[in-house]
Amino acid sequence: MATGILNIKGRIWWIVALVVLCLVPFVLPRFYVYLLSIILLFGLFAMSNNFPLGFGGIYQLHHAVFYGVGAYGTALVITKSGLSPWIAFIVGPLIAAFLGLVMGIICIRLSKLYFGMLQISLGSLVWAVVYRWYSFTGGDDGIHGISVPDIISSYKGAYYFTLIVTGISLYVLYRLLKSPYGSVLQGIRDNPVRSSMIGVNVKKHQLLALVIAGFFAGVAGTLFVVVDNTVFPDMMFWTLSLEAVIMCLLGGWLTFLGPMLGAALIVIIRTFVSTYTLYWALVLGIIFTLVIFFLPNGVLGWIEDAVKRKPNLAEAKE
Amino acid sequence: MDVTGVLNQVFVGLSRTVILFIVSSGLSLILGVLRIPNVAHGSLYMIGAFMAFTLSKLFGGGDMGFWMALIGAPLAVALISLVAERGIFQYLYEREHLMLILLTFAFSLVFGDLVKIVWGGEYKSVPVPYMFQGFIPLIGGLPFPLYNLFLLVCGPIIAILLWLLVNKTKIGKIARAAAVDMEMVGAVGINVSWVFASVFVIGCLLAGLGGVLVAPTVSVTLGMDHTLIIEAFLIVIMGGLGNIWGALLGALIFGLSQSLGILIWPQFGIIFPYLAVVIVLIFRPTGLLKATW
Numbered sequence: 001m002a003t004g005i006l007n008i009k010g011r012i013w014w015i016v017a018l019v020v021l022c023l024v025p026f027v028l029p030r031f032y033v034y035l036l037s038i039i040l041l042f043g044l045f046a047m048s049n050n051f052p053l054g055f056g057g058i059y060q061l062h063h064a065v066f067y068g069v070g071a072y073g074t075a076l077v078i079t080k081s082g083l084s085p086w087i088a089f090i091v092g093p094l095i096a097a098f099l100g101l102v103m104g105i106i107c108i109r110l111s112k113l114y115f116g117m118l119q120i121s122l123g124s125l126v127w128a129v130v131y132r133w134y135s136f137t138g139g140d141d142g143i144h145g146i147s148v149p150d151i152i153s154s155y156k157g158a159y160y161f162t163l164i165v166t167g168i169s170l171y172v173l174y175r176l177l178k179s180p181y182g183s184v185l186q187g188i189r190d191n192p193v194r195s196s197m198i199g200v201n202v203k204k205h206q207l208l209a210l211v212i213a214g215f216f217a218g219v220a221g222t223l224f225v226v227v228d229n230t231v232f233p234d235m236m237f238w239t240l241s242l243e244a245v246i247m248c249l250l251g252g253w254l255t256f257l258g259p260m261l262g263a264a265l266i267v268i269i270r271t272f273v274s275t276y277t278l279y280w281a282l283v284l285g286i287i288f289t290l291v292i293f294f295l296p297n298g299v300l301g302w303i304e305d306a307v308k309r310k311p312n313l314a315e316a317k318e
Numbered sequence: 001m002d003v004t005g006v007l008n009q010v011f012v013g014l015s016r017t018v019i020l021f022i023v024s025s026g027l028s029l030i031l032g033v034l035r036i037p038n039v040a041h042g043s044l045y046m047i048g049a050f051m052a053f054t055l056s057k058l059f060g061g062g063d064m065g066f067w068m069a070l071i072g073a074p075l076a077v078a079l080i081s082l083v084a085e086r087g088i089f090q091y092l093y094e095r096e097h098l099m100l101i102l103l104t105f106a107f108s109l110v111f112g113d114l115v116k117i118v119w120g121g122e123y124k125s126v127p128v129p130y131m132f133q134g135f136i137p138l139i140g141g142l143p144f145p146l147y148n149l150f151l152l153v154c155g156p157i158i159a160i161l162l163w164l165l166v167n168k169t170k171i172g173k174i175a176r177a178a179a180v181d182m183e184m185v186g187a188v189g190i191n192v193s194w195v196f197a198s199v200f201v202i203g204c205l206l207a208g209l210g211g212v213l214v215a216p217t218v219s220v221t222l223g224m225d226h227t228l229i230i231e232a233f234l235i236v237i238m239g240g241l242g243n244i245w246g247a248l249l250g251a252l253i254f255g256l257s258q259s260l261g262i263l264i265w266p267q268f269g270i271i272f273p274y275l276a277v278v279i280v281l282i283f284r285p286t287g288l289l290k291a292t293w
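Chains A and B, in that order, give the protein sequences.
Residue numbers for the first sequence follow my numbering, beginning at 1 and rising by one.
Residue numbers for the second sequence follow my numbering, beginning at 1 and rising by one.
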């Protein structure tokens with residue numbers, strides 16, 4: 001699916017998908033349009049998490065902190081500075097990217113689980129500051145009723161804005177993955193020792209991946225401000241980070257679009273299960289367990305495997 | 001800032017340290033021997049606390065109830081963990097850490113909702129047993145709760161028992177050997193699977209014990225697992241993975257920086273322990289004491 005983005009057949013599918021997504025607000029009621037916006041921005045969030053995780057092999061375990069900081073950055077610029085919200089939409093992700101750089105420099109010396117743990121500890125530090133700084137960030141209440149420009153303040157406007165920004169972000173992420181830089185990054189994931197032997201600066205490439213991931217997580221956070229007009233400290237709590245990692249796993253972290261699918265599944269399951277029962281986390285937990293047991297490459301990874309396997313079977317029969 | 005105030009905070013911090021040490025030593029044991037980063041450890045701590053509420057109520061809420069809870073709740077938690085280990089975890093030891101983190105996180109979601117189903121969403125409070133009610137005067141005349149003194153006695157006892165278990169008993173020696181080379185231990189004819197199961201159960205029992213001991217001092221509520229598990233993980237990483245004394249050292253740093261941080265800067269007291277972890281990990285990336293892996 002990911003490889004087909006630029007060939008003719010793939011392009012047709014993409015155009016069809018885009019047209020359908022553009023027509024959605026004319027067909028579906030408000031709630032579903034809102035839900036779709038949330039799916040898109042969570043998908044972007046999970047895909048930006050998957051950039052260092054699935055393609056860089058870095059244990060990015062506290063990605064939510066960049067998402068939250070991007071959202072808070074945007075919200076604070078809008079509410080405190082009086083600058084145009086459009087500037088805020090750029091400043092938020094840049095702050096997140098800068099945090100990605102700072103945390104990356106501190107964490108990058110460590111590998112695997114230690115990296116993830118130091119990141120969680122730094123992220124908890126950020127969370128604690130935001131949680132307690134009542135005069136600036138609103139503390140545990142967060143900030144509500146953030147005003148966005150009129151053109152994107154309606155639910156349809158917010159949806160189209162989310163769709164456009166997510167689309168551009170995905171395209172940029174895809175190009176990055178297919179660029180020489182992306183190939184080097186995946187090379188580092190598969191064999192860091194060999195990569196450094198042939199003269200690749202491993203740490204520098206990984207650091208860049210963290211900054212890129214931070215930036216796009218910040219973009220997702222900004223989109224949340226546009227769609228929901230609110231920010232709260234739970235946006236950067238570690239449970240959300242693990243949920244993002246699970247989105248990547250559920251969809252398939254070796255595929256480009258997998259995390260988007262995972263995000264869609266989780267948002268849909270949560271929304272519809274919670275209308276039937278209070279105990280949606282129980283259902284979600286059981287689904288995760290089953291996926292980890294039976295689909296270690298995720299849903300999309302499993303589909304890709306199945307599609308690839310079919311021609312081979314046909315050949316074998318001949 | 002007067003001396004008695006500081007001293008009081010030191011003792012408050014030390015009582016917190018005891019709880020943190022008990023829970024994180026269990027986590028460290030599991031991480032060191034089984035290499036499972038068990039995110040559900042915090043849920044077992046929460047279950048221990050809720051179990052303490054039920055048992056202490058069942059036995060009349062007095063001293064008897066407390067002692068029964070102290071014995072019964074950790075055992076109940078151990079039973080739950082035994083079922084989880086034999087049923088699911090034992091098939092996953094070979095998986096990579098990321099998968100195990102996610103799997104145990106999924107478990108913590110399930111456990112969280114099960115607690116909600118069994119005990120409901122309201123706050124629960126466990127009474128301090130009669131014999132530990134009241135205060136004793138500290139140096140400088142500040143009253144110090146008797147129950148916290150009991151906690152301060154519990155901490156060293158459990159540390160010594162754990163040390164004896166790991167270093168002086170047969171199962172401890174096998175477990176340490178298995179942590180270094182699991183295949184070799186299996187090759188000399190030891191049933192590694194059951195050694196792992198017992199280490200897992202002992203680790204989880206400690207989580208339950210921590211939950212029972214903390215129950216009279218806090219309001220028992222859903223979500224108490226989320227803050228604790230992160231603290232426990234950071235303590236274990238800070239002290240050195242799998243090292244019991246490292247867990248003690250980490251818990252001391254965490255507990256004291258928290259209680260003294262509140263004194264220095266009340267509003268941002270909670271950031272000090274995280275700051276301490278960051279500083280430790282910048283200078284000693286693999287923890288203060290020797291890690292087992």
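If you're looking for bench data, these hints aren't it; they were derived computationally from the structure.
Just so we're clear, the structure is a prediction, and the values are computed from it rather than from any experiment.
Among the hints, a few may not be true.
Straight line, CA to CA, 27 Å or less: simulated BS3-like cross-link-like pairs of lysine-lysine [unchecked claim]:
| hint | chain 1 | residue 1 | chain 2 | residue 2 |
| --- | --- | --- | --- | --- |
| 1 | B | Lys173 | B | Lys290 |
| 2 | B | Lys290 | A | Lys203 |
| 3 | B | Lys124 | A | Lys112 |
Are Lys290/B and Lys203/A close enough, with their CA atoms no more than 27 Å apart?
Holds, at roughly 26 Å.
Quickly compare the C-alpha distance for Lys173/B and Lys290/B to 27 Å and report which way the hint goes.
holds, 18 Å
Holds or violated: are the alpha carbons of Lys124/B and Lys112/A at most 27 Å from each other?
violated, 39 Å
In this structure, the one hint that does not hold is number 3.
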